[in-house]
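Protein sequence lines correspond, in order, to chains A and B.
In terms of full-length UniProt numbering, the first sequence opens at residue 1 and continues consecutively.
In terms of full-length UniProt numbering, the second sequence opens at residue 1 and continues consecutively.
Just so you know, not all the hints are guaranteed correct.
[What the hints assert, rightly or not] Simulated restraints on C-beta separations: (1) B:Gly77 with A:Arg93: 38 to 44 Å; (2) A:Ser73 with B:Asp202: 32 to 38 Å; (3) A:Ser39 with B:Tyr268: 41 to 47 Å; (4) A:Glu144 with B:Arg23: 41 to 47 Å; (5) B:Lys210 with A:Tyr48: 35 to 41 Å; (6) A:Tyr48 with B:Gly127: 48 to 54 Å; (7) B:Pro298 with A:Arg93: 48 to 54 Å; (8) B:Arg23 with A:Gly50: 36 to 42 Å; (9) A:Tyr85 with B:Gly77: 52 to 58 Å; (10) B:Lys101 with A:Glu138: 57 to 63 Å; (11) A:Asn69 with B:Thr171: 23 to 29 Å; (12) B:Arg168 with A:Ser73: 48 to 54 Å; (13) B:Glu48 with A:Ser39: 51 to 57 Å; (14) B:Glu43 with A:Ser73: 28 to 34 Å.
[Said to hold, decoys possible] With a straight-line Cα cutoff of 25 Å, these simulated DSS-like cross-link-like pairs (lysine-lysine) come out: (15) B:Lys15 with B:Lys114; (16) A:Lys41 with B:Lys5; (17) B:Lys166 with B:Lys114; (18) B:Lys114 with B:Lys284; (19) A:Lys49 with A:Lys143; (20) A:Lys41 with B:Lys166.
The set of hints was computed from the structure by calculation and includes no laboratory data.
All C-beta atoms in this analysis are idealised placements derived from N, C-alpha and C, irrespective of residue type, glycine included.
Spelled out, the chains give:
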Amino acid sequence: MYGQGIAQLIFPDSKDLEEFIRDHEELDLHESLLKYGLSTKKFLFLDYKGEQYQEIVNYILDYEFNLQNELASQEELEELGNFEYEYVPEKIREANRILSQRGYGLFTYPTSGDFYALFIAQLENKTRLLEVELLADERIPLKERYIKYYS
Amino acid sequence: MLNPKKLEMAYKRYKENFTEGIRYEDIKEEYDDSKSEITDTVEYNTIEKDHILLINLASIYSYHLSKWKNDVLANGGSQVEGLKNMQMVVFYQCMGQDLYKIRYPQMIVEYSFKGVLTSLIHFTMFGWEKEENILFDFIVDHFGGPLMEVNDDNKHTWFLLELYLKYRNKTIMGTNQKLHLTVKEKYKKAGLQCGLISEDLDVYSEVLEKWSTPSSEEIENLVGKMVLYHSQLASEIGQLGEFGDFRYGFYPFEILFLLYVRKQMDLYAPKQFEELLMNTPEAKMVFGDPEPYPEWDPLLLQIDNFYRKNYPEYIPNKHGVLFR
Numbered sequence: 001m002y003g004q005g006i007a008q009l010i011f012p013d014s015k016d017l018e019e020f021i022r023d024h025e026e027l028d029l030h031e032s033l034l035k036y037g038l039s040t041k042k043f044l045f046l047d048y049k050g051e052q053y054q055e056i057v058n059y060i061l062d063y064e065f066n067l068q069n070e071l072a073s074q075e076e077l078e079e080l081g082n083f084e085y086e087y088v089p090e091k092i093r094e095a096n097r098i099l100s101q102r103g104y105g106l107f108t109y110p111t112s113g114d115f116y117a118l119f120i121a122q123l124e125n126k127t128r129l130l131e132v133e134l135l136a137d138e139r140i141p142l143k144e145r146y147i148k149y150y151s
Numbered sequence: 001m002l003n004p005k006k007l008e009m010a011y012k013r014y015k016e017n018f019t020e021g022i023r024y025e026d027i028k029e030e031y032d033d034s035k036s037e038i039t040d041t042v043e044y045n046t047i048e049k050d051h052i053l054l055i056n057l058a059s060i061y062s063y064h065l066s067k068w069k070n071d072v073l074a075n076g077g078s079q080v081e082g083l084k085n086m087q088m089v090v091f092y093q094c095m096g097q098d099l100y101k102i103r104y105p106q107m108i109v110e111y112s113f114k115g116v117l118t119s120l121i122h123f124t125m126f127g128w129e130k131e132e133n134i135l136f137d138f139i140v141d142h143f144g145g146p147l148m149e150v151n152d153d154n155k156h157t158w159f160l161l162e163l164y165l166k167y168r169n170k171t172i173m174g175t176n177q178k179l180h181l182t183v184k185e186k187y188k189k190a191g192l193q194c195g196l197i198s199e200d201l202d203v204y205s206e207v208l209e210k211w212s213t214p215s216s217e218e219i220e221n222l223v224g225k226m227v228l229y230h231s232q233l234a235s236e237i238g239q240l241g242e243f244g245d246f247r248y249g250f251y252p253f254e255i256l257f258l259l260y261v262r263k264q265m266d267l268y269a270p271k272q273f274e275e276l277l278m279n280t281p282e283a284k285m286v287f288g289d290p291e292p293y294p295e296w297d298p299l300l301l302q303i304d305n306f307y308r309k310n311y312p313e314y315i316p317n318k319h320g321v322l323f324r
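Same shape as in the complex, but just chain A (with noise of 0.2 Å):
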């Protein structure tokens, strides 16, 4: 099944994944993989102005916390958090240079509001994440409707 696919190399943990099987079946696959991982705080949230203080760094630290696993030495995470930008895919763009080192990528999940959902993913997984068109809504442009990974 596509759904559940493109959802398992979102949301790996094989124990979420049945959760979000389970209580979104019926709805659209777009908006419950996107209502399942903002609820969770599997996504990051950021309007899409920017962060308010140091949601990116913060969300790599909890994401490497839970994998128990480094994806970043602190000097990295202390210069990206220090990292200027004007607008979110140059931080993003940052981030991906220091995460694509251990192999993890920061991808943007495509939405229809005018926030970034976020969330980290291994590279391996990279074409095939792009390659779902998520958002089917005709009204946004086609490129759009895709997840992004900004490098």
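Fit chain B to the known structure of chain A by using the hints.
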């Protein structure tokens, strides 16, 4: 579970905020600027505009906050003068605000419930009983009103107030048990704002039940839980959590107050800690018993003298000399 890397990075930012972000020199300059405003108001006795004095207390506060951070956090010293002055300024913000409740009933107060409770328990730990009692009476007299709004979601603040009541054998609304619930229920019925008050005080509910336990093991365990709760929230420094602020984020005064209360009651209080939170220079400050009053800030002194002279109803006038 605590993420040590996240905590360490948050602590580093907490420290840098006052060395690289907000610089002592800049705050000092602002403080010096408020000097002329205060002196003019006092010299020309411009009573119709004297709320300027009350507003300027905020820059006196910032100055001493910055001084405290500079002395203790940045330089690892043990000078508590700045901290003492900060608590004193909050006291005078309350006293001054009281003068304007009729003239400016809509005026927004510069202090918070959390900030006033912080002063109250510091006065207690400093052994400044006279000022402690005046401030407590002020809190009780205005409790829930515009001068002391209590719709506050900080769990540790409700914990501090209740522990204080238990320690001093005092009550508010006739109780010192689960005060936050009593307040919430009463206000709900009366249609007053209370939505932010949490029903569950988390780790603090347990501590309030067992704070005077004779068991050293039990109290060590409880303190450990408090350290964990505080550390987790301090890891999110800069974001809006109860310990996410740069003022007190890594200063565990709620734990220090519990330890103080137990010591006063000849109960066992752990002294050595391994956790980062309990080993910051702020956590390791030592207060005398009693702690000497600080040297008065000259601007604060001018303001206090002015209010004493012009307002017979000014609360400090009823109590003679204070902080001396």
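Exercise. Check each numbered hint against the structure and report the violated ones by number, ascending.
Key: Hint check: 5, 8, 9, 11, 14 and 20 fail, others pass.
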